[in-house]
Amino acid sequence: MSLLHATWLPAIRTPTSSGRPALLIWADAWRVATPAGPGATPAIHPFTLNPEDLRAWLSEKNLLPNGIIDATACLTLPSRSVKCKSKAKHSVEKSTESGKSRSNWTGLPLQAGEPIPKHCEWWPWQVQGLAVEPSAATAWLSNLPLSGSHPDLGDELRWWSHLQRWALSLVTRERWLPQVELSKGEGYPHRARWVPLLNREDDRRRLEELAAQLPLVATCALPWREPTGKRSNRTTRLRPEAMQAANPVASCRPRSGRLRVANLLEDLVDAQLRQGFEPNTQALDPLLAAWQEALGSETGILTLSDEEAERLATASNHWKEGVTGNVAAARACLELFTPPENEDLWTLRFALQAEADPTLKVPAATAWATGSQILQLGEVQVEHPGEVLLEGLGRALTVFEPIARGLDSPTPKSMQLTPAEAFVLVRTAANQLRDVGVGVALPPSLSGGLASRLGLSIKAELSATSRGFTLGESLDWNWELMIGGVTLTLRELEQLAGKRSPLVHHKGVWIELRPNDLKNAERFCNANPNISLDDALRLTATEGDTLMKLPVHRLEAGPRLQSVLEQYHQQKAPDPLPAPEGFIGQLRPYQERGLGWLAFLNRFDQGACLADDMGLGKTIQLLAFLQHLKIEQELKRPVLLIAPTSVLTNWKREALSFTPELNVYEHYGPKRPSSSTSLKQAIQSMDLILTSYGLMQRDSEILKTIDWQGVVIDEAQAIKNPNAKQSQATRDIAKESKGNRFRIALTGTPVENRVSELWALMDFLNPRVLGEEDFFRQRYRLPIERYGDMASLKDLKARVSPFILRRLKTDKAIISDLPEKVELSEWVGLSKEQQSLYRKTVEDTLDAIARSPRGQRHGKVLGLLTRLKQICNHPALALKESDVEKEFVNRSAKLQRLEEILEEVIEAGDRALLFTQFAEWGHLLQSYLQQKWGFEVPFLHGSTTKRDRQAMVDRFQEDPRGPQIFLLSLKAGGVGLNLTRASHVFHIDRWWNPAVENQATDRAYRIGQSKRVMVHKFITSGSVEEKIDQMIREKSRLAEDIIGSGEEWLGNMGVSELRELVALEDN
Amino acid sequence: MTSPPINNPGITTALSEDGLGQQPWWVEQWMELINSYRFKKRLARAWTYAREGNVTSIRFEGRRVHARVQGTGEDPYKVKLWLDVLSDEDWSYVLEALTQKARWSAQLLAGIMPADIERAFAASGRRLFPFKLQEVRSECSCPDKANPCKHISAIYFLMGDRFSEDPFVLFQLRGRTRAKLLLDLAEQRRAVLANLANAAKVDENHDEFSSSAINNEITTQPHPAVVDPSLWWKYEGNLNADLVVITPTMDGETGIRSAGDLPLAEEPKFPEARQKFLSHLHEQGQVLAQQAMLQAMSTGE
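Chains L and E supply the protein sequences, listed in that same order. Residue numbering for the first sequence follows our numbering, starting at 1 and increasing by one per position. Residue numbering for the second sequence follows our numbering, starting at 1068 and increasing by one per position.
Keep in mind the hints are simulated off the structure, nothing from the lab. Heads up, a few of these hints could be off.
[Unchecked claim] Derived lysine-lysine pairs resembling BS3-like cross-links, with alpha carbons at most 25 Å apart:
id : chain 1 : residue 1 : chain 2 : residue 2
1  : L       : Lys932    : L       : Lys886
2  : L       : Lys413    : E       : Lys1168
3  : L       : Lys1011   : E       : Lys1301
[Said to hold, decoys possible] Covered stretches of chain E, going by a simulated chain L footprint (3 or more residues, C-beta under 8 Å):
id : stretch
4  : 1168-1181
5  : 1297-1311
6  : 1333-1341
7  : 1345-1356
[Said to hold, decoys possible] Computed spacing ranges between beta-carbons, pair by pair:
id : chain 1 : residue 1 : chain 2 : residue 2 : range
8  : L       : Glu634    : E       : Thr1314   : 48 to 58 Å
9  : L       : Pro419    : E       : Trp1149   : 50 to 60 Å
10 : L       : Gly378    : E       : Thr1314   : 31 to 41 Å
11 : L       : Ala497    : E       : Arg1193   : 56 to 66 Å
12 : L       : Gly771    : E       : Ser1365   : 22 to 32 Å
13 : E       : Arg1193   : L       : Ala791    : 51 to 61 Å
All residues carry an ideal CB built from backbone N, CA and C; glycine is no exception.
One chain only, chain E, in its complex shape (with noise of 0.2 Å):
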């Protein structure tokens, strides 16, 4: 949060510089709608707001955001933020064109907001993301007659690095959780394929389907130890070649660096915090390897 929009209007983050380009594009894209708004003077001031720590908290709740922005009053002013919830309908026609793609179920099982969601919205005419700011809805409880306020301006502000703690929430601001929305894409799923499996039976390939591999009810195997009660205290492995010799990782792949950035917006007041917060633990992570494998190497001394 280096500096306000008004002397840098395209700015796309409320990270420092170094972040650009890294920002998941869910994050860009929101920034576009904001530096979208004309009142660039309202949003200046809003971004001071937002940079000074203004915000006491922003909390997803169920489809709509609730914040509070301490103002020039006493107690801090209440926000809220939705978007337009799409209707079950709007929904069946979102769910149906994500399940025309495995590709769009594997992201979103996997983690990963997939970069062409808008193409599965598009189907019911709708969006994910809104399209303008005036979709995006708002309440505050300032005095402001204006919408939006600088309250809700600052709120935007931080919003866009808030959606990389959980980019599903977008979701549920549209109505549906990343659960339910999992469930329902996995029963689609399955609608769809009693669909080709009717097709199939006249097909050549429906040998393929009725595999006995498929099983309609758990069957209760017992445990080997059920069968063979020694079991309860026998083992006869040995150590795994692997961990005969214990040394640190030869590819600096350490579990801090695959996992990257920590997805948790910014502190506007602690603006180097998560850089901080990272490195550290790296450092102590190298002290604490040292240490393991010292008590590794002397293990039956």
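Bound conformation, chain L alone (with noise of 0.2 Å):
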């Protein structure tokens, strides 16, 4: 797969362009090349895009930018060394010879995602792309998705989308003067620029943010030189010493980025500008008419003489320093501290702070000291940081007079402030101190953050006879007002507000008293409410809350309250809850967190959602909460649990093994219940009622007559869509309830960061947390689909998260409760034709091998055992069918489970190694996943030629967007091969020996690998699969040891054997 780059190309004069800069976008996609070196000029890219085939893959993703031209660069990237063979080695060097080879290093170019080798190099690579001019790149980049990462748009863009909505916003704030720039040097024009205003602080801190994650590909680019030359109409290549002089073997440092970053968004903020500027010079003199036609023009050329020009930069530098300074890496900070005891006077202390860190901070005196040298603030170099502090200090007397007095010395260091004076920094200058690029430290009591606002400061704990399970209930409480830190009561409140000063002190902290306090304070003592676990809930999961109007600086939660505030809110991991009586079986420390998470809400009676990734066990948990209830003799009422129908098999096989003692009933199949009596006769004295979700919604009026105790979905991505029929009856069933009706969701994807699908999950589980579908979608869906609004995501998971328990097979403390390779049976069932078809192939086929001589009959017994394989995996492989026909997913209930399962480890970014012994069978599924994804699925099989295999091999091991799937028949894909990418190993259809499965699964897991891999092996229930699997595990040492590696014993077995192992089972 490609994935697309963008890197700026800073302007540059050529015979055809008057030095615009433009984006150059680029893309590349792994294939084997061969390592290369720089010659006289860098070596071409080996895995670039040409510039037709980026053309039409950009249409195609609806991503190609108007106003391109095809371009080349010298990138600068990181890159491998690796040793030519000698015959490619030979032919570089012949390539080299006209220029002068500098180096002999040859080697490849590293792309995004790749492993990083231990030593890396840099090299400058030449890069075709296409040159996006700036005012088509502000509009392109407008247009990337702001947030979240896509298959085929590298990091660096979603930067380049956040650097350009910056430039909007300056551009809207109106935060931007015309500039004049001077001419580079001979030939080059002067310009006329719009350059955008840092001095705000707001601005300077993004420009930080920016600068410190600056993905370096996004400016390593030197724009490549034309290499051919015009002579007498005739294109002639340039001579050699020419193009070398041209495109020297040079890289580009990397540097930090400050300068750069804010470099790039003035192009930005120019071309946004520029291209909607529509100049008027009516009765303007010719020098503002020239500056103002320049400014609306594409290139912004200024048709002024040198001194002309040289009089409206000056002019033009003069009014923009009036607002703002340099980029520098420091500033100016002014630090106010508090009176000593008694005293009156405040003092405001000088000093230089990082710009990248506020924290960093050393004193005036540091800086004068430094002198000419250059300052090392933390990792932060600062070049003449007394010019910096005094430039800040001078840009300070503008906005705060009062400095002025404290800088008659030459070399202030600090200066006393009258309360008076205090009061005005801490109230209005010090904000307008920040605008000019001045840093301002008030005492923490006065800061201005939520601490130096009036609150509350509480104490509760559960009443004595409460058990803490019903969010209603009343709290034992207490509460005192207060504020910076301190706690202080109405009284005190009102004498230090009757002092009719704005800075009071108080216990020995200066305060800040606003003028509606008093009023808020007296009308909350007032009230004197009650609060309730739900508001200690609610006031513990995020920061600020506020009680009628007053912030909760601090609350304090009695032992046994603060056990269940932890609970809630997953700050420690759930009590375990070890395996109920009755289950068959061990839960892993883990699954036992699980199970007390589960039973923790259920006492609560909120709904749950057991979000584990795939593989950790979420059945099993789920079966033993219903046998924790059975046991604890809660559960007196059905439990309804919907799935897709290619997982209930798997439920039921499952719940016969763990849990034999729950009563577990299909509703399901033609004979099923058709009305409400009926059906409750049917589940009399049954605990778990199985349903799809497709009869769940034909059937919806029946089943809404049952008084469930619980309602159970799994796959609960089925009812994202809040609309969709399924999802909404889904969703009603939970809420209808004459008694309480737990609801547990159960997912392997990661619901929390799926915004979109969050409102109709908790719409089923708990319908109040989040609201209404359209608050929902203005409040949270729109702002962070759109724009990866953070700050609505954090509100938005803290709501969420009391209710959502994920665990990864990759934390820490998962894995080393994994063992390395998990094994996992799928048990699927049969379509109706898979079922016909074998009923039928074993009724023909067993009476033809009874009547055939014995000679014949151990190959006809062989040849029946592999169709059945064949129609349990498809019956358009066992019919021999070579064509993917429309209705093909629905003809496999195995196929069906398959394509659920892939879509997770897809949706994960997992890779997944899929064996199966039939090579038809590869081929089918090859073209059937590749139509269903639209991306490349390799399959490896017998007659894939040496160099093809490799290739495979290497693209997926290496390639960091190679193929998630990789098809591989098991006898040619078993052995020798090296797929430790792999995390998933999927058996989709059964060998009788597992010796030779486990050779296979070996591809993927290797001694000392750190990941776990995931085994599933696909058993079509009731078939001579599930037999296979029963054989191989009752005498798995036997097969092993008496069977080999073959087929062979099959055939010898009797007639009456063999219809054991054949017949279909029902069930």
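Given two chains presented individually in distinct reference frames, assemble the corresponding complex, making use of the accompanying hints.
Following this line, the structure appears as structure tokens:
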């Protein structure tokens, strides 16, 4: 798969261009490449798409910008050293004979996401791409997604889209000034430029943020000079020396990003304004007219004499100087300190503060003492610190005049302020100072943050009789007013307010009282409200929540309440609950915690979503939970479990083996009860009723009449679309209730990250948490999905996280609980077509075998078994069809389930190996999967050539965006290959011998590998596959020893034995 | 430029009356200087000259002002103006005085001409601003024997405004460019500090000066991307909360408003040009802001 990148090409002058910058977009894709090294000019990047392919790919993806030309640039990229094979090396030497080869280095450029080798080198590479002219670039960047990762877009494109959004914000806020940029030298024009003003605190912070996170690929380019010259209308190649001079093997050094990012931003803002600006030169003198014309022209070229341009440049620069200075690593900072006990005067200290990290400060004395040297501020280096400090103080003077008094000495370090001046500083000047680019540090109690506001300090505990299971219950509590970290009584507040001084001293702390403080406090005291457990949960969920308009600064929970809060907010792992009596098997430690968590939320009557990674045993945890209820005598009414048809079999099997005491009933098939009465009858004394989403919707009228104790939905993503009938019916059935009805959702997808799907899920679990759908869309979905609004996302997560438990198999705590190989049996059924085909095949063939002479029987038996296994895979395989038609997936239950699991694998970004023993099935599956997902699925089988084999394996192992699914035939792919990037192995059909399967599994699993490998074995229940599985389980040692690796022994079975083996059992 | 000085001897600026009082102090001071001139009639004619756009160019070149004035002749007359340059010794006094107050350096670095700058020059017994018009030396290529002739006087009128474009040309005329002056100031400050530091050695505070934060040479720390090349492509940042919803300024504090009037000398023939220029920028700025806001809103649609 190709990945798109973007790099800024700084302005250069070429015969065709007047020297405007451009956005170079280019794409790379993994392929087998010969290592190369620079010759006279940088080597050609071996992985880039050529411009035609790039154009085609971009227009296919709807990403093709306007205003593009083919372009080449030299990009400095981290590279992996690779020795050239002798033949290739020879050709490199040959080609560089004409120019002087400077180095014998050969290698390959690294690609995004590729594992980083131990030793990296940096080399320039010639990259072909498309140059987007600046105004088209701004439009194109504005349409890129602002959040999330996109399979076709490099991460750095998101950085670009954020930078462009900042440019739009600056233009919207009109934070810009026109300037004149003087010619850089002979032959370069003078230009009119729009420049952004970055004096304000938030813009400065943003510059630091974007600079600190700058992906260097965005600024690693040198323009490539056209290697052709024109001579008498004939295009000729430049002589090698000229080429070398034009495109030297030069690298861009990685440097601090602040200035670069400021320049990029300037280019974007300039392009943005230039394209829309309409000059109006009426009544302007020639100087201003020329300037305005140039501000609206595409190239910005100023048609003025040097002298006039210089005058305009000086004046415009002086104009801008009044607002902002140069971008520097540090700024002046004023630190305010409260007066000592019994004194009046406040101290203001001068300091120097790093832009990148405002906590890094040194006192002015250090800046003065540094002189012309470089000041080290943490990791930040500040040149001319004294001048930086002075310039800032000069700006500070323009908004906070009292400072002048402090600057009467040559190297001032601090000064004193009167209380009135200090108040002005706290109240208004601090913000103005920050806006002119001067840092201000106020005492914490006055910093204007939440803590400096009048609020509450609360102590609360569950009431003595309460067990903490009812959300509405009142708590025992008391409260105090609190401001600036100290508490005070209403009386004290009245006294302080009576002083009529805005800054007051209380309990050793200076605080600022605001006009409404007293009123709000009085109102609260008069109301003297109750708080409930619900309130406590809310107040501890997000910072800065308020109670009757007063922020809660502190909530001290008593030990019993604390324990409830911690569990609720998942601040500590849930208390584990051991496997209940009657549960056959063992729970891993994390599963015991999961069980404890389900039980905890159940006590609160809160819905729970168990979203553990695939393979961690959600089914087991739910069965254990039901068994727990049963043992505790709390399971009094039936529980409805809704799941996709494809996993119903699996549920039944697992329930049978882990919780045989649970009475399970399947509401499925044509013979299912069709009336409320017959259903009630049928499920009498049943504990767990299984049904599919489809039938739940069809039979919802009947199902509604049952008084369910709980509703469980498996593969909960099935209800993600809130308006779909299936989703509505599911949510309805969860709500209808006489008694309490617990709601549990199971899913393997990262549900909390899929904002659009959260609403329906939460509406199922706990309807009030996210409110109505319209509200949810406006408040959360749009801001988060469109703009990646983190504040909204954080708030949303705080709201839903108590109800979602998700553990990943990569979590440290989980890994230690898991064996290196986790074997999962995937039980599946048969479609109608499969069933009838299976039955018919068995009937027809068994008779034939019984009648055939002994010598032929062996072959016929094997033939039958093979055919049955094929039917279990897909009827099309048994019927030797070669096309994948529309109904393909619906004809095989196994394929449906496989597809569902693969979807999760793909979503998680994992890689999977799929083994089958049938090459024809591999081909069918390959074309089906490729059609389904639109990406390439390689298939390695017996007739794959050795070269292709190696290419497939290399690509799977090395390409950072390589195929996620790799199909292999068991025989061709089972041995000798190293495919350790896979974390899932699927055995689509069973081989009689576990050793062969294990060998194949070991392609992915290697001793010492830190990740866990999930091995999925598909078993068609009731079929020959299940028998084989049983056999392998029961006599697995025997099988290994006696059977060897072949299927030969099967041929020697007697007919009755055989009949038992192949007969399709109804279940 | 509304009326000649003869009818309105109190005129202090070449700007319209709206601009009165908003003029930087040095422009006012310059106009006072001109108004002190005795030959009001000649001044009135020079005023007309200036107003009608006869001055075709004014250039600050090194320590001199070169100008061209279209007179009655075919070719414009060449006018030169200059001030007495301060000697190096004088400058050393000025620099020493300037370093005594951090505020002076601070303002100069921030691009502000300190209102009390003459106090620093007084240390050398010299001035930055000429005290009398006679101190402004001049030459004109016109046949008129009188100095200042009307061509020179016309330049006088326009000079004040030109100082606003870059107040630091005053230093230039006195022999130091702004860059050189700031450099000299920095050096002077270091000298003062060295003295202080010597004194501090016996002082209790000397620890403060030997801070370990000071570096004698640039320590070359490798860029983080050199240590971790995956940073070449990595970006994990989220959109800043302030950029989620993009709205125009609430306080009306646009760049143009913060920057104030464009410090460009008015072209007498186009008396409203600067105002027009700014108001057009302002109007267009609003239109462009609207467009950008809509563009930002449609992202992701």
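Against the structure, the hints:
1. Lys932/L <-> Lys886/L: holds, 11 Å
2. Lys413/L <-> Lys1168/E: OK: lysine 413/L and lysine 1168/E at ~13 Å, within 25 Å.
3. Lys1011/L <-> Lys1301/E: holds, 23 Å
4. 1168-1181: holds (count 11)
5. 1297-1311: holds (count 15)
6. 1333-1341: Holds, because 6 residues of the stretch 1333-1341 of chain E bring their Cβ atoms closer than 8 Å to Cβ atoms of chain L.
7. 1345-1356: holds (count 8)
8. Glu634/L <-> Thr1314/E: 48 to 58 Å: holds, 54 Å
9. Pro419/L <-> Trp1149/E: 50 to 60 Å: holds, 52 Å
10. Gly378/L <-> Thr1314/E: 31 to 41 Å: 35 Å Cβ-Cβ, so the 31 to 41 Å window holds.
11. Ala497/L <-> Arg1193/E: 56 to 66 Å: holds, 58 Å
12. Gly771/L <-> Ser1365/E: 22 to 32 Å: holds, 27 Å
13. Arg1193/E <-> Ala791/L: 51 to 61 Å: Since arginine 1193/E and alanine 791/L have Cβ atoms about 60 Å apart, the given range 51 to 61 Å holds.
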